[in-house]
Amino acid sequence: MSAKATPEAKNHSRRSRPLRVAEEIKDWVVERGLQPGDRLPGEAELIERFGMAKGTIREAMRLLQAQGLVDTKTGPGGGSFVGEVTRDRAAALLANYFYFRDVTIHDIYQVRIALEPELAASLAGSLTDAQIADLEAIMQEYANPASDAQEERRQHVASLRFHARLSDFGGNALLSFFIGFMAQILTDLTVYKRLYETPNHDLWRTGRQHQIDLIAALRRGDAEKARDIMRSHMEMACEQMETQEAVVMKRFIAE
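In this text, residue positions in the sequence shown follow the numbering used here: the first is 91, and each later residue adds one.
Treat the hints as calculated values from the structure; they're not laboratory data.
Computed from a prediction, not measured in an experiment: that's the story for all the values here.
Among these hints, one or two may not hold up.
[Unchecked claim] With a Cα cut of at most 16 Å, we get these calculated EDC-like pairs of lysine to aspartate or glutamate:
1. K163 <-> D178
2. K163 <-> E174
3. K163 <-> D128
4. K163 <-> E133
5. K315 <-> D303
6. K116 <-> E149
7. K315 <-> E208
8. K144 <-> E133
9. K116 <-> E208
10. K116 <-> D161
[Claimed, not checked] DEER-style ranges, computed between Cβ atoms:
11. R309 <-> P126: 33 to 41 Å
12. E329 <-> N262: 43 to 51 Å
13. D192 <-> A143: 37 to 45 Å
14. D178 <-> E138: 33 to 41 Å
15. G145 <-> Y189: 30 to 38 Å
16. Q155 <-> S322: 21 to 29 Å
Ideal Cβ placement from N, Cα and C applies to all residues, glycine included.
With the sequences and hints as input, model every part of the structure.
Below, the structure is given as structure tokens:
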């Protein structure tokens with residue numbers, strides 16, 4: 091004779107039903123090739139299709155709404171539609187995951203050193219004049235060394251945007267997302283930890299020259315050179331930012 095389910099197990103089963111139905115709805119959407127904006131079946135049809143109670147279906151749809159995968163509109167022509175999770179929303183959700191984890195500068199650059207040189211190599215010779223002009227326009231925001239801490243931080247954020255923009259030009263959406271996400275984390279750390287209290291002209295000069303050399307290699311279609319330049323750029327930036335972080339922490343302790 092099998093053991094009876096405990097009240098806790100029964101409650102867990104009831105709570106997990108909406109999760110299971112939400113996954114089944116996502117699978118159903120994918121199997122039918124539905125796209126963002128396509129209308130989803132009404133509640134009565136979902137109840138019949140998935141064989142679940144009204145409350146379970148409604149909770150599953152609320153879960154999908156919270157994930158950004160379902161949009162609900164009221165009024166004439168309203169109903170439930172396939173939603174699209176924006177890049178910003180996905181990055182915000184992922185950032186929440188890392189919020190209480192001790193992610194260090196070294197951790198971030200370990201990922202950047204692994205990914206960004208390969209991205210640079212893959213883009214050599216494939217960028218259009220307009221794309222290169224876009225990168226050079228960003229570089230104009232730090233064409234001259236910063237004169238104070240506020241400008242230093244602003245320039246550093248702009249230089250991170252250079253890397254995020256470069257990742258947009260690749261054909262790999264996953265690679266582009268993670269490189270952009272790393273740039274956003276570093277942007278937040280720059281402000282949160284006050285990593286640039288005083289201008290660092292050596293970092294500005296070296297970093298900017300790396301980017302100038304990188305664009306030249308990308309124009310020539312020299313994949314190996316682009317990879318080497320980006321790796322050197324990442325390694326130098328990692329060393330400099332870890333040094334900056336150590337200085338900030340020492341000042342914080344002294345204060």
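Here's how the hints hold up against the structure:
1. K163 <-> D178: Violated: K163 and D178 sit about 22 Å apart, past 16 Å.
2. K163 <-> E174: With a Cα-Cα distance of about 14 Å, the restraint between K163 and E174 holds, given a limit of 16 Å.
3. K163 <-> D128: 12 Å, holds
4. K163 <-> E133: 14 Å, holds
5. K315 <-> D303: 9 Å, holds
6. K116 <-> E149: Measuring from Cα to Cα gives roughly 14 Å; hence the hint holds.
7. K315 <-> E208: 11 Å, holds
8. K144 <-> E133: Distance ~8 Å between K144 and E133 Cα, so the pair holds.
9. K116 <-> E208: Given pair K116, E208 is violated - Cα atoms ~33 Å apart, limit 16 Å.
10. K116 <-> D161: 13 Å, holds
11. R309 <-> P126: 33 to 41 Å: 36 Å, holds
12. E329 <-> N262: 43 to 51 Å: Violated, at about 28 Å.
13. D192 <-> A143: 37 to 45 Å: 43 Å, holds
14. D178 <-> E138: 33 to 41 Å: With Cβ atoms ~36 Å apart, the hint holds.
15. G145 <-> Y189: 30 to 38 Å: With Cβ atoms ~32 Å apart, the hint holds.
16. Q155 <-> S322: 21 to 29 Å: Violated, at about 46 Å.
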